[in-house]
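Student: Listed below are the residues making up each chain.
2 protein chains.
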Amino acid sequence: MRLSRFHLSTARETPADAEIVSHQLMLRTGMIRKLAAGIYTWSPLGLRVLRRVENIVREEMNAAGAIEVLMPSIQPQELWEETGRWAKFGGQLLKIRDRKEAGYCYGPTHEEVITDFARHELKSYKQLPVNFYQIQTKFRDEIRPRFGVMRAREFLMKDAYSFHLTDEDLAREYENMKAAYIRIFTRLGLEFRAVQADSGAIGGDASQEFHVLAESGEDGLAFSTGSDYAANVETAQAAAPGPRPAASEAMRKVDTPTQKTCEDVAKLLGIALERTVKSVAVMTDGGFVLALVRGDHSVNEIKLGKLPGMADYRAASEAEIQAHLGSEPGFLGPVGPKQAIRVIADREVAALADFVVGANERGFHLAGVNWGRDLPEPETVADIRSVVAGDRAADGGEIRLARGIEVGHVFQLGRKYAEAMGATVLDEQGKSQVMSMGCYGIGVSRIVAAAIEQNHDERGICWPEPMAPWQVAICLINPKNDAGVIEAAESLMADLHKAGVDCVLDDRGLRPGPMFADIELIGIPHRVVVSERGLAAGTFEYRARRADAAEQLDRAALLAKLGA
Amino acid sequence: MRLSRFHLSTARETPADAEIVSHQLMLRTGMIRKLAAGIYTWSPLGLRVLRRVENIVREEMNAAGAIEVLMPSIQPQELWEETGRWAKFGGQLLKIRDRKEAGYCYGPTHEEVITDFARHELKSYKQLPVNFYQIQTKFRDEIRPRFGVMRAREFLMKDAYSFHLTDEDLAREYENMKAAYIRIFTRLGLEFRAVQADSGAIGGDASQEFHVLAESGEDGLAFSTGSDYAANVETAQAAAPGPRPAASEAMRKVDTPTQKTCEDVAKLLGIALERTVKSVAVMTDGGFVLALVRGDHSVNEIKLGKLPGMADYRAASEAEIQAHLGSEPGFLGPVGPKQAIRVIADREVAALADFVVGANERGFHLAGVNWGRDLPEPETVADIRSVVAGDRAADGGEIRLARGIEVGHVFQLGRKYAEAMGATVLDEQGKSQVMSMGCYGIGVSRIVAAAIEQNHDERGICWPEPMAPWQVAICLINPKNDAGVIEAAESLMADLHKAGVDCVLDDRGLRPGPMFADIELIGIPHRVVVSERGLAAGTFEYRARRADAAEQLDRAALLAKLGA
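Those protein sequence lines, which keep their order, are chains A and B.
Position one of the first sequence corresponds to residue 1 (the working numbering), numbered consecutively onward.
Position one of the second sequence corresponds to residue 1 (the working numbering), numbered consecutively onward.
Since the hints were derived computationally from the structure, they do not count as laboratory data.
One or more of the hints may lead you astray.
In this list, chains with the same sequence are indistinguishable; a pair is considered to hold if it fits within one copy or across any two.
To be verified - Heads up, simulated DSSO-like pairs for lysine-lysine below, C-alpha to C-alpha not over 27 Å straight-line: (1) K34 / K95; (2) K123 / K34; (3) K178 / K126; (4) K100 / K88; (5) K34 / K306; (6) K178 / K498; (7) K123 / K480; (8) K431 / K126; (9) K88 / K253; (10) K416 / K34; (11) K480 / K126.
Predicted model, so just to flag it, every value in this text is computed and none were measured.
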């Protein structure tokens, strides 16, 4: 490809309304152009990248045995009423009336359509298992579309749906898809994690998210150095603590006149923060509860809320705290409450000896506190804290924290949709069975933005090679003045092409400064400069996108470097 | 590909609601499944064919220098208001309101969006010419969607839009696109014609339609055996007639008591129908007009309507005829009218001598009539008739008639959209110039149906090889009983694969009858049968889809036959 015959339109200025770096760089490189809120045109440059992602996804889905179909974007209301989602899906569903006033929506997802397809196509267990996928345009009417294609309204998605006679077979295909996803994100050259996820509103039995790691990611993730364990910070678990040491101190009341936080108390007493205990007072339908975590930890609301009796808990008011503990916040503790209370101790707290808690008396804490001696053993011991960086993981590794951008999701849906829509097959005994379903999504257009969030510097995008619009840019210095420069570049390009390396020839006749700036901005992994001076010396200037400096290479060395 | 791992779902019955053969066969083969009126899911089999078409279109568009982009399907109302089409486009425009009550439509075409893209992207004549294309889903809310994907509401289209500084450059690119279209339809293996077309409502200066020939086609076409001339029957022209012979008969009144048609008069008089003249009485704003065509011809309403003063003409009433000619229909003629009338003679009528017309008197015609002697030379001589099969074409060839399905269209739009939307560039003198535009469409999904209309028999589809889901089907007889059969088939498939021939292995274990019926129904061009008996004899059974019988070939001959 010659850049003079391509349409490249870059800008130096960072657009004022683009908040995140991928959005800024996609606009500056001209990869996308906004048509309306959350609706973008993909320019020739942007589409080249999008198609690379699409092709890798398609190849790996095919290799994993999934079969490609193409479902419509416009879906009839009646189908969505069969599953109850016409009413339940919410404002993201773009509802449409056609000229005959029939109700439709622009598909934000295709569970209803594929289940309808399956109930007509699949009659016998002999046709199972089967996994249908498509790469197709979806629309979600986001209330606040932003960040360019990261959270667009119209977007490109790969969605797959598998059908099974048994849940065991679904679980097998689920693992097959997980493995395919790992191959896809590995091939794309992205740093990513497969993360345990709550299945949330979509329902089903098991699910996992795939996140591209990037500082700007919306989701907090925890992963272990000891295995591929990764989880959303909201659900991540550290290793259980070791056994509780024996008590070695007597309980004593200590003066903490203004020290209301664990940090301040630990500092005053000259002890480790890990030996203090934070008491969090909450109310539930069953009454007052004191949740205890170590001073260096924080209560994880999702974990706490999942314990029996803790659904819909709320913070206790000062009056409720006074009534149950007889003290004001800042000095609370589980020892000797005014009224009987339920105590829930985090596993780490239950494993402490000689610890420090509030004395339920303004200006005082209790030190050297021990379970079973100074207060009863806790009624409930559970993991109710959020993990922190440096925690030991269950696999023996260390917990690290990162931020991620969700680009994929695998679900075991089970029979939710098949049941609602009557998607059955006959089993070996000729008995009608509702099929079990899995669904597997990848945000194809979102991956492009996520890759930029992970791979950029102050000069622009640094594409992972498999996603780059071209692997190599061959820059011509003064092509109009010297036919030898064009000839040498074309010969180089021909050899690279033969070796399967995709090149672009920058023959636009720009001066080196603006030309190099463009090539760096659009993130081409390898840059080769062909100049009269270099040819005279028998060399080409080569520079990798992320390298600090260029090097002079002869033709053979250059080809070797570029894998040709 | 093994058919046992694919999803093939064929039906023997012809669906009752499918009127045309392509719709019937696409349903029977399971290529498509209806989701709603005019909205279809493409099954794995259907999508394989659709993708083949798409890929050939993409390759040739790229080779022609067009650059691929991807525009959104959802388009804002404001853009359509800039060109006035929001109000004018009519009911086919699917209008949508989003959650914020902003107006959008599902794009039925993309002139507005690409012109908006261009006015932001293109600033200088140096960026021209450029031709942007996309292969993308469109929606037209047809009032009566029918014939499956032939006239669907949601469909896949390739649309291209070129931008130019001058009309001359537009004309050059228009020819470039026509040549690309010819390559595309030739590569697809379809019999087609490039047809001169009225640009109709879309506007612009020149346009041509591409039609796949098929008996079931909606459009009547005329083409010449002498060149690539082809035109819609409505606008096709034959060669001009030779000079008028000298008069040799005297005019005489002949008795035609019940003969009101030219056919009956010619029969009665024992003369050729070509020597009779049909008089068609019409009214215009300027008064009464008698249009004359030969008895073997018919008036072409479009040609007649384009003559000066003939826009909005209508048939004359009996009262109007009586007032002007003093006779009733069936005996009308241009000789001696009651009042002065305008006579428009078809070129062929003006070239007649000694012809027959009505006498403007019930029960009589005039024979031996001659221009300039018996009546004045006609006021207007023009081509106002429809061509008929066998006419001589201007290129010396013979006119033939056919029916066609429109699958492509190229337009020189000119400045209509660029003017309305202010899409300008600076020219060499730094002066702002409105760009000239071309647009070029191909109905990708429609091609699939059109190809079937052209290529089928009583057993099913007969795909042109480039569009076939697979080129070769290798059918296994009793694969479970004989491992040698599978082994031989796999080895054959490996050799064909190496030669770039795409095969499918029918390892479903069906009996030969149903298996062969499926393979024929889905139209695979080449069928190879691998059986125990054949292997013992050292042969494979081969049959081309359109062949009358199978032949026994040894391995080398088979591979040679299949181009491997």
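Student: One pair to classify: K34 and K306, alpha carbons no more than 27 Å apart. Within, between, both, or neither?
Tutor: Close neither inside one copy (43 Å) nor across copies (44 Å); limit 27 Å.
Student: How do K34 and K95 come out at 27 Å by Cα distance, when the copy is not named: within, between, both, or neither?
Tutor: both (22 Å within a copy, 20 Å between copies)
Student: Is it within, between, both, or neither for K416 and K34, if the alpha carbons may be no more than 27 Å apart?
Tutor: Classified as between: cross-chain Cα gap 23 Å, same-chain 38 Å, threshold 27 Å.
Student: Tell me, please, which holds for K480 and K126 at an alpha-carbon limit of 27 Å: within, between, both or neither?
Tutor: between (67 Å within a copy, 16 Å between copies)
Student: Within a copy, between copies, both or neither: where do K123 and K480 come within 27 Å Cα-Cα?
Tutor: Classified as between: cross-chain Cα gap 23 Å, same-chain 68 Å, threshold 27 Å.
Student: Reference check for the pair K178 and K126, CA-CA at most 27 Å: within, between, both, or neither?
Tutor: within (24 Å within a copy, 49 Å between copies)
Student: Given identical chains, is K88 near K253, meaning Cα to Cα at most 27 Å, within a copy, between copies, both, or neither?
Tutor: Neither: 55 Å inside a copy, 85 Å across copies.
Student: When no copy is named, should K431 and K126 be tagged within, between, both, or neither for a Cα gap of at most 27 Å?
Tutor: Intra 13 Å, inter 70 Å, cutoff 27 Å: intra-copy only.
Student: Under a CA distance limit of 27 Å, which applies to K123 and K34: within one copy, between copies, both, or neither?
Tutor: between (45 Å within a copy, 18 Å between copies)
Student: Using 27 Å as the alpha-carbon threshold, which applies to K178 and K498: within, between, both, or neither?
Tutor: Answer is neither: 35 Å inside a copy and 31 Å across each miss the 27 Å cutoff.
Student: Is it within a copy, between copies, both, or neither that the alpha carbon of K100 lies no farther than 27 Å from that of K88?
Tutor: both (24 Å within a copy, 19 Å between copies)
Of the numbered hints given earlier, the model fails hints 5, 6, 9; all others are met.
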